[in-house]
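Student: Take the given structure of chain R and dock chain F to it, following the hints.
Those sequence lines, one after another, are chains R and F.
Counting in the UniProt record's numbering, the first sequence runs from 1 upward without gaps.
Counting in the UniProt record's numbering, the second sequence runs from 1 upward without gaps.
Keep in mind the hints are simulated off the structure, nothing from the lab.
Keep in mind it's a predicted model, so treat the numbers as computed, not measured.
Positions of the beta carbon are idealized from the N, C-alpha and C atoms, including for glycine.
Careful: at least some of the hints might be erroneous.
Derived list of chain F stretches under chain R, where covered just means 3 residues or more per stretch with a C-beta under 8 Å from a C-beta of chain R [said to hold, decoys possible]:
(1) 166-173
(2) 187-193
A few chain R residues that face chain F, going by a derived Cβ cut-off under 8 Å, partial list only [claimed, not checked]:
(3) Met6
(4) Val8
(5) His9
(6) Val15
(7) Asp17
(8) Leu21
(9) Asp35
(10) Ser39
(11) Ile40
(12) Glu43
(13) Glu44
Partial chain F-side listing against chain R, Cβ under 8 Å, derived [as the list claims (entries may be wrong)]:
(14) Thr146
(15) Gly149
(16) Arg198
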Amino acid sequence: MQRFYMHVHNGFGSVLDEEGLMLLDIDAAVRCAIDNIRSIVGEEARSGCVDLRG
Amino acid sequence: MIERHLMRLRARDTISAEEEAAIRSVITETREIGAHRTIVRAGTETTACTLLLDGLACRAKDMRDGQRQITELNVAGDFIDLHGFTLKRLDHSLLALTKVKVGVAPHDRVKELVEAFPHLGRVYWFSTNLDAAIHREWVLSLGRRTALGRLANLFCELQVRLGLVGLSDEGGYDLDLTQADLAECMGLTPVHVNRTLREMRERELLTFREGRVTIIDAAGLRKAAEFDPAYLYLERRAE
Numbered sequence: 001m002q003r004f005y006m007h008v009h010n011g012f013g014s015v016l017d018e019e020g021l022m023l024l025d026i027d028a029a030v031r032c033a034i035d036n037i038r039s040i041v042g043e044e045a046r047s048g049c050v051d052l053r054g
Numbered sequence: 001m002i003e004r005h006l007m008r009l010r011a012r013d014t015i016s017a018e019e020e021a022a023i024r025s026v027i028t029e030t031r032e033i034g035a036h037r038t039i040v041r042a043g044t045e046t047t048a049c050t051l052l053l054d055g056l057a058c059r060a061k062d063m064r065d066g067q068r069q070i071t072e073l074n075v076a077g078d079f080i081d082l083h084g085f086t087l088k089r090l091d092h093s094l095l096a097l098t099k100v101k102v103g104v105a106p107h108d109r110v111k112e113l114v115e116a117f118p119h120l121g122r123v124y125w126f127s128t129n130l131d132a133a134i135h136r137e138w139v140l141s142l143g144r145r146t147a148l149g150r151l152a153n154l155f156c157e158l159q160v161r162l163g164l165v166g167l168s169d170e171g172g173y174d175l176d177l178t179q180a181d182l183a184e185c186m187g188l189t190p191v192h193v194n195r196t197l198r199e200m201r202e203r204e205l206l207t208f209r210e211g212r213v214t215i216i217d218a219a220g221l222r223k224a225a226e227f228d229p230a231y232l233y234l235e236r237r238a239e
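Okay, chain R solo, but in the shape it has when bound (with noise of 0.2 Å):
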């Protein structure tokens, strides 16, 4: 297992992680990125303000 921050750029700023995560690899941190985003991305939706800068 290793600590991997995931730290997010966008139009919105940048939200650092200071806390990281705990994964097995780069590919399980791949993953949680993608999981991270869509979860930020998906309610931005929702909301009617989706902002992809960054």
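Tutor: Chain F alone, transformed into the frame defined by chain R:
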């Protein structure tokens, strides 16, 4: 040892000295359990109820792919699985989120207690009904609130519940949880929680840093959450 539990009960009802002594005698042993350990695994037949004396615990259900939904957070003074007294088998796990201290209340002792003191039977029936009310509020959050509304409601709820046992004040409270824990409570991802916390900070509602919740704008936070403490049944109804 069970002072927080008594504070919680006495916030809503009168508990006599005799009842207090009887409740104390129900706890046969105390155990310390490390953070992130399972206290009772889902599916287990239980013969005792677990009273949380110190720390944070939760009820949680797991998906096969590793996703976890926390269905209620428990604070010091809560019975984590009082419902196990009648259900006997838990459909969910009990997890320690921080290092915890728990008291063990064997079911046969609880049975003797509620038979000797029918009023306490009603007090504990109320307690499981209150858990159900909290679950309904979380269903509302998970189904209908935005990420910000979900977290705002959770922070409001915890301020009230921790306040009943002397662990919060108007300014905030200690909450030794990670963003991943909050994500598992509110059906979000850790990154989404992190971003939402930033939004709460920028809107000057609240900050959550290094295990401390600092409430900046209590009215604004409640408004963002549509928080109504009615579901926590805070009225005092002495019999």
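Student: With reference to the structure, classify each hint as holding or not holding.
Tutor: Taking the hints in turn, this is what the structure says about them:
1. By the rule of at least three residues with a Cβ nearer than 8 Å to a Cβ of chain R, the coverage given for the stretch 166-173 of chain F is violated, with 0 such residues.
2. Coverage of a stretch by a chain is defined here by at least three residues with a beta carbon nearer than 8 Å to that chain's beta carbons; for the stretch 187-193 of chain F and chain R the count is 5, and the condition holds.
3. Residue-level restraint check for Met6 (chain R) holds (minimum Cβ-Cβ distance to chain F is 5 Å; threshold 8 Å).
4. The closest approach between the C-beta of Val8 (chain R) and any C-beta of chain F is roughly 6 Å, which is under the 8 Å cut-off, so the hint is satisfied.
5. Because the smallest distance between the Cβ of His9 (chain R) and any Cβ of chain F comes to about 11 Å, over 8 Å, the interface hint for this residue is violated.
6. A cut of 8 Å between beta carbons decides the hint on Val15 (chain R): the least distance to chain F is about 5 Å, and the hint holds.
7. Checking Asp17 (chain R) against chain F: minimum C-beta separation of about 6 Å stays under 8 Å; hint holds.
8. Against a cut-off of 8 Å between C-beta atoms, the interface hint on Leu21 (chain R) holds, since the closest Cβ of chain F lies about 6 Å away.
9. Interface restraint check: Asp35 (chain R) against chain F, minimum CB-CB distance 6 Å, threshold 8 Å, status holds.
10. For Ser39 (chain R), the suggested interface contact is upheld, since its CB lies about 4 Å from the closest CB of chain F, less than 8 Å.
11. Proximity of Ile40 (chain R) to chain F holds as hinted, the smallest CB-CB distance being about 5 Å (cut-off 8 Å).
12. With a least beta-carbon distance of about 6 Å to chain F, the hint placing Glu43 (chain R) at the interface is held under the 8 Å criterion.
13. Hint status for Glu44 (chain R): violated, given a least beta-carbon distance of 10 Å to chain F, over 8 Å.
14. Given the 8 Å rule on beta carbons, the hint for Thr146 (chain F) holds: about 7 Å separates it from the nearest Cβ of chain R.
15. With 8 Å as the threshold, the beta carbon of Gly149 (chain F) stays out of range of chain R, its nearest partner Cβ sitting at about 11 Å, so the hint is violated.
16. With 8 Å as the threshold, the beta carbon of Arg198 (chain F) comes within range of chain R, its nearest partner Cβ sitting at about 5 Å, so the hint holds.
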